[in-house]
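Line by line, the protein sequences give chains U and B. According to my numbering, the stretch in the first sequence is residues 1 to 347, in order. According to my numbering, the stretch in the second sequence is residues 1 to 347, in order.
Simulated from the structure, these hints should not be mistaken for laboratory data. There may be inaccurate statements among the hints.
If several chains are the same, the list does not tell them apart, and a pair holds so long as it fits within one copy or across any two.
Said to hold, decoys possible - Cut-off 27 Å, straight-line C-alpha distance, at most; resulting in silico cross-link-like pairs (DSS-like, lysine-lysine): (1) K50 to K121; (2) K121 to K308; (3) K345 to K308; (4) K88 to K308; (5) K102 to K50; (6) K208 to K102.
There are 2 protein chains.
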Amino acid sequence: MNIYELDTPALVINLDVLERNLRNMAQHCAELGIALRAHTKSHKTPEIAKMQLASGAQGIVCQKLGDAEVMARAGIDDILITYNIVGKPKLRRLTELARWAKMRVTVDSLEVAEGISAQAKEDRVNIEVLVELDTGGQRTGVQSPQAALELGRRIMDLPGLTLMGLMTYPSHLRAKPFIQETVTLFQNAGLPCPVISGGGTGNEAISKEIGCTETRSGSYVYEGMTRVRDHRDLSPERCPVRVIVTVVSVPTPNRIIVDGGMKTFVAFPPNPYGMIIEYPEARMYAMSVEHGHIDVSQCSHRFRVGEKLSVIPNHAESVTNMHEVMFAMRNNEVEEVWQIRGRGKVQ
Amino acid sequence: MNIYELDTPALVINLDVLERNLRNMAQHCAELGIALRAHTKSHKTPEIAKMQLASGAQGIVCQKLGDAEVMARAGIDDILITYNIVGKPKLRRLTELARWAKMRVTVDSLEVAEGISAQAKEDRVNIEVLVELDTGGQRTGVQSPQAALELGRRIMDLPGLTLMGLMTYPSHLRAKPFIQETVTLFQNAGLPCPVISGGGTGNEAISKEIGCTETRSGSYVYEGMTRVRDHRDLSPERCPVRVIVTVVSVPTPNRIIVDGGMKTFVAFPPNPYGMIIEYPEARMYAMSVEHGHIDVSQCSHRFRVGEKLSVIPNHAESVTNMHEVMFAMRNNEVEEVWQIRGRGKVQ
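With the sequences and hints as input, model every part of the structure.
This is the structure:
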């Protein structure tokens with residue numbers, strides 16, 4: 001089936017572009033000598049995760065348990081969850097996963113580590129642990145090398161946990177002193193630190209430079225080797241995702257309305273909200289909940305109701321989370337239909 | 001079960017507040033003498049739609065076919081879809097619905113009307129039609145009373161369609177001349193116009209004033225009688241929706257991180273992104289994909305990992321679309337668990 005025959009809105013991914021993005025990143029990391037741990041939160045789709053592993057990633061990383069469960073059910077057995085797992089229901093789900101996959105998590109407080117340890121002990125499983133450092137991201141993470149050391153020491157004493165090292169996000173050069181000082185403290189105290197996990201597509205060389213052993217990169221799948229920063233970056237050669245939409249109204253010669261709005265695209269800045277492949281001079285300047293508003297005053301083409309357009313969205317990750325299926329295509333012909341199994345998991 | 005025992009993030013709705021919002025709007029419309037057609041796009045939940053009908057709404061309105069199908073399957077049989085239905089797959093779904101529910105749609109072009117007519121004729125059903133006017137909303141809709149008349153005339157000639165009148169959105173006073181002129185043209189031409197449908201929670205009196213026979217109001221369910229315009233409006237007495245979240249990190253005394261971010265809340269402006277009922281002085285100032293960042297520098301309370309908080313989100317409609325279930329509670333005790341059956345339908 002041709003992608004323009006799909007009912008709309010439809011989420012489509014160009015396999016040639018996707019495969020090139022995967023290949024390029026695997027090669028980039030191999031050349032740098034840093035392990036690639038593929039972040040699956042961008043796509044939430046086991047088929048893509050398996051392609052990432054086949055192309056050289058050494059494991060995956062998920063941002064939440066719901067994502068990890070989807071990937072483990074698909075047979076992936078080396079999973080890092082970069083999230084503080086808190087509360088009995090989630091701790092039970094984590095130890096359940098640890099029965100059939102190697103599970104590693106991050107922690108930034110003794111409370112979180114103790115919770116995981118207690119559940120791991122009760123369920124007789126082992127969970128690998130990285131101490132998360134707040135090296136400037138101002139989100140989660142311990143605030144100093146000394147705090148990392150203290151938490152590392154406590155983790156060593158907790159049953160059911162194996163201390164494996166450190167994690168930070170995002171990787172940038174100013175994190176280097178924090179990481180190096182922590183590594184020295186760990187070494188002097190005899191704490192193991194085989195893994196130092198950095199992150200962020202486009203930051204792989206920096207991760208290597210600041211001492212990381214692995215990079216958690218994810219959005220390269222959708223954006224190529226560096227982050228897409230503005231509308232001019234949304235080229236069909238680097239961005240594989242398109243949303244096929246239908247023109248449902250041509251109320252004036254300068255404005256067309258398509259059947260994808262905030263609930264299809266998420267109104268993710270900057271404005272315009274995406275790039276229309278067939279008519280790059282058209283501007284998707286506004287979104288209602290179910291309508292996309294496009295300014296076509298710069299287009300010579302005369303649009304008609306029923307016409308279909310393909311839009312590269314600003315933030316393919318958020319868009320993926322809104323859709324149930326992804327149509328994998330080559331040369332505009334659908335080859336496979338993928339369930340976005342991790343889509344919309346809130347827990 | 002108490003709402004603070006739910007695993008998080010969890011979407012909760014306060015039944016006392018919900019029922020009061022429904023009662024107030026039904027009474028408001030009754031006093032105005034305008035029919036209330038409840039918009040279900042806010043909640044996408046058949047249980048709430050049925051409560052709206054039981055409290056005085058005379059039908060429902062959906063913004064897309066996927067929503068209408070969910071509501072029809074739940075037994076609701078008077079449905080307006082305020083959307084140009086375009087393309088064979090959707091036209092077939094529309095006529096299928098028309099076999100067991102009274103279906104009314106809006107159109108703003110001959111192309112859309114002809115498509116619906118052809119399918120209705122083929123499937124031997126009847127579809128009621130309103131002509132949509134663009135009275136200033138600059139989205140869809142015909143651009144002038146004369147254009148409305150011409151489209152109305154053509155609809156009269158198309159098989160399978162019954163012209164029922166006019167529709168506009170949003171209702172405001174400057175729409176009055178457009179609507180009145182169109183009504184006069186319809187009357188002079190002998191075209192039927194029993195229904196004039198206006199819209200927007202908070203605009204009911206204006207809808208009446210500009211000549212509408214019904215108001216399509218929806219967000220009153222979540223926001224009370226007028227639209228919530230800023231953070232100070234997010235009072236627990238008027239807004240029934242809360243998202244229960246767990247504190248997963250207290251990295252500094254001034255910052256806590258909770259387990260709901262963009263994929264739970266949608267980062268819907270303005271900032272802060274919601275109101276924390278237990279600590280109104282706390283500010284949810286930023287969102288990552290899976291983390292909510294809260295400034296607690298103004299709180300005397302000392303937060304701990306594992307603590308649960310209830311957040312009134314800025315845009316409960318977008319939040320609802322991210323969740324699969326809604327916990328209906330009274331006095332913080334869960335009474336019912338509702339499936340958000342229309343959640344995340346992109347088509």
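For each hint, the structure was consulted:
no.: 1; hint: K50 to K121; in the structure: neither (31 Å within a copy, 48 Å between copies)
no.: 2; hint: K121 to K308; in the structure: between (56 Å within a copy, 25 Å between copies)
no.: 3; hint: K345 to K308; in the structure: between (30 Å within a copy, 19 Å between copies)
no.: 4; hint: K88 to K308; in the structure: between (48 Å within a copy, 13 Å between copies)
no.: 5; hint: K102 to K50; in the structure: within (16 Å within a copy, 47 Å between copies)
no.: 6; hint: K208 to K102; in the structure: within (24 Å within a copy, 64 Å between copies)
Of the numbered hints stated above, the single one contradicted by the structure is hint 1.
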